[in-house]
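J.: So you can see what is in the structure, the chains are spelled out below.
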Amino acid sequence: MEQPSDTDLTETGLARRQSGSVLLIACGALAHEVLALIKANGWQHMDVQCLPAKLHLYPEKITAEVARTVEQHRNQYQTLFVLYADCGTGGLLAAKCAELGVEMIAGPHCYAFFEGNETFAQHLDTEISAFYLTDFLVRQFDAFVWKPMGLDRYPQLRDTYFGNYTKLVYQAQTNDPALDAKAADCAKRLGLAYERRFTGYGDLATTLERIAP
Amino acid sequence: MADDDEIILSDLSDDELVLQMHDDLYDGLKEEIEEGVNILIARKWTPYDVLTKALVAGMTIVGADFRDGILFVPEVLLAANAMKGGMAILKPLLIATGAPRMGKMVIGTVKGDIHDIGKNLVGMMMEGAGFEVKDLGINNSVEKYLEAMEAEKPDILGMSALLTTTMPYMKVVIDTMKEKGMRDDYIVLVGGAPLNEEFSKAIGADAYCRDAAVAVETAKAYMLRKHNRATA
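These protein sequence lines map, in sequence, to chains A and B. Each step along the first sequence adds one to the number in the numbering used here, with nothing skipped, and position 55 is 181. Each step along the second sequence adds one to the number in the numbering used here, with nothing skipped, and position 50 is 389.
No lab work stands behind these hints: they were computed from the structure. Keep in mind the model is a prediction, meaning the values are calculated, not measured. Cβ atoms here follow ideal geometry from the backbone N, Cα and C, with glycine treated the same way. Check before you lean on any hint, since a few could be wrong.
Per label pair, the in silico range of CB-to-CB distance [claimed, not checked]: (1) A/E197 - B/P431: 53 to 61 angstroms; (2) A/T332 - B/R440: 55 to 63 angstroms; (3) A/A141 - B/R406: 27 to 35 angstroms; (4) A/R194 - B/P431: 36 to 44 angstroms; (5) B/L563 - A/D285: 33 to 41 angstroms; (6) B/E482 - A/G289: 34 to 42 angstroms; (7) A/H199 - B/L563: 46 to 54 angstroms.
Below are the BS3-like pairs computed for lysine-lysine, each with C-alpha atoms no more than 25 angstroms apart in a straight line [to be verified]: (8) B/K473 - B/K517; (9) B/K540 - A/K187; (10) A/K222 - B/K510; (11) B/K492 - B/K510; (12) A/K222 - B/K540; (13) B/K369 - A/K273; (14) B/K483 - B/K369; (15) B/K383 - B/K473; (16) B/K510 - B/K423; (17) B/K430 - B/K510; (18) B/K483 - B/K540; (19) B/K383 - B/K369.
Chain A extracted, bound-state conformation:
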């Protein structure tokens, strides 16, 4: 399958292939990682439908969009699985998935499940001033962070947003020196210390392995 562009994943998402027995309804920010796992494991029975990653800018819309997508496709697949964590929905997405009878990936957000929910929870108290970026968010930093926060127009707001943060943690799903350099530059632009932390695909991989058979 051809790799979708990050801009498309942010704005419009990713259309499904319309084949397979399992449909993964995923956030566009996870598309590359999900497609990589499907390819690496030969999970030909898995199809992916990604919603626009920019929904994260309006978390109150996520639950309704996921529910709509589930309803739209539930008769075409044996299994539907939601690849959104809570993602700022305050438990509403979990409640809706339970109501619809579909499973979703565990965790508060992708930063947690990429690192592993258990590991992430262990340093929750000691790392409260960390700002996290994933591979996708590093690539889409301007579209996802800089511009929506108005920092391209009002750079004086930087410390209003980030004054309480101390470091940017780049959770690397892949080993890519160019992304590492870009993430370090993002930290510099935000006035934060920089740390790269390799996570791989974390609980995303183990979750898909569990539902793959």
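With chain A fixed as given, assemble chain B onto it according to the hints.
T.: Just chain B now, kept in the frame of chain A:
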């Protein structure tokens, strides 16, 4: 050469100046707001009138346009920063002139959470509405909330959280208040992006406030009920 369109604030009548200040607040022009406040004070306006008619009325427009999707967070922050400039001038004058007090609030972001933009907006708008506000800042443990309630004797406790992982801590605070038999002595308002009405009810808060304007209206309504209960 001077810009022909440049507005000289001191040349405007009171009514024109107030409208201009609403525009300047909308555009986040802090220096203009500070100048406008100083002009009105020099014209013998009471600090309370400057606050309510020029600043709070202007921020109400900002809040309404934010809710309607016309203005976005960056613009609201700039407007808030401009209002903050005006408030800094007015605050000592309001204290000196004994402006009406609506009540007192202790507010803070919960433990594990460093996000304070929404909390700061609420605190500022509450001050603008005549509440005395004690801001505890970020990352507050239940002990800090309890200490502040003991020391400040507020009418209202406000708690804020931006993260799914930190919002449950609000329940820890409320449950501790129940254990100590002090829950009903306070109005508990909660807010933050991932919160909702259901969560607020589930943890035993009095109300969820989706934005700063709602927080002010909710606080006023609860204070009125409190007074009515006290006088019944």
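J.: So, for every hint listed, does it hold in this structure?
T.: Each hint tested on the structure:
1. A/E197 - B/P431: 53 to 61 angstroms: holds, 58 angstroms
2. A/T332 - B/R440: 55 to 63 angstroms: Holds, since A/T332 and B/R440 (Cβ atoms, about 57 angstroms apart) stay within the stated range.
3. A/A141 - B/R406: 27 to 35 angstroms: holds, 34 angstroms
4. A/R194 - B/P431: 36 to 44 angstroms: violated, 54 angstroms
5. B/L563 - A/D285: 33 to 41 angstroms: holds, 38 angstroms
6. B/E482 - A/G289: 34 to 42 angstroms: violated, 25 angstroms
7. A/H199 - B/L563: 46 to 54 angstroms: holds, 50 angstroms
8. B/K473 - B/K517: Status holds; Cα separation ~22 angstroms.
9. B/K540 - A/K187: holds, 21 angstroms
10. A/K222 - B/K510: Satisfied, since the Cα-Cα distance of roughly 22 angstroms is no more than 25 angstroms.
11. B/K492 - B/K510: holds, 21 angstroms
12. A/K222 - B/K540: holds, 18 angstroms
13. B/K369 - A/K273: holds, 23 angstroms
14. B/K483 - B/K369: violated, 33 angstroms
15. B/K383 - B/K473: Between B/K383 and B/K473 the Cα gap is close to 29 angstroms, so the pair fails against 25 angstroms, i.e. violated.
16. B/K510 - B/K423: The hint is violated at about 31 angstroms.
17. B/K430 - B/K510: At roughly 34 angstroms apart (the allowed maximum being 25 angstroms), B/K510 and B/K430 break the hint.
18. B/K483 - B/K540: holds, 23 angstroms
19. B/K383 - B/K369: At roughly 22 angstroms apart (the allowed maximum being 25 angstroms), B/K369 and B/K383 satisfy the hint.
Of the hints listed earlier, those the structure fails to meet are numbers 4, 6, 14, 15, 16 and 17, in rising order.
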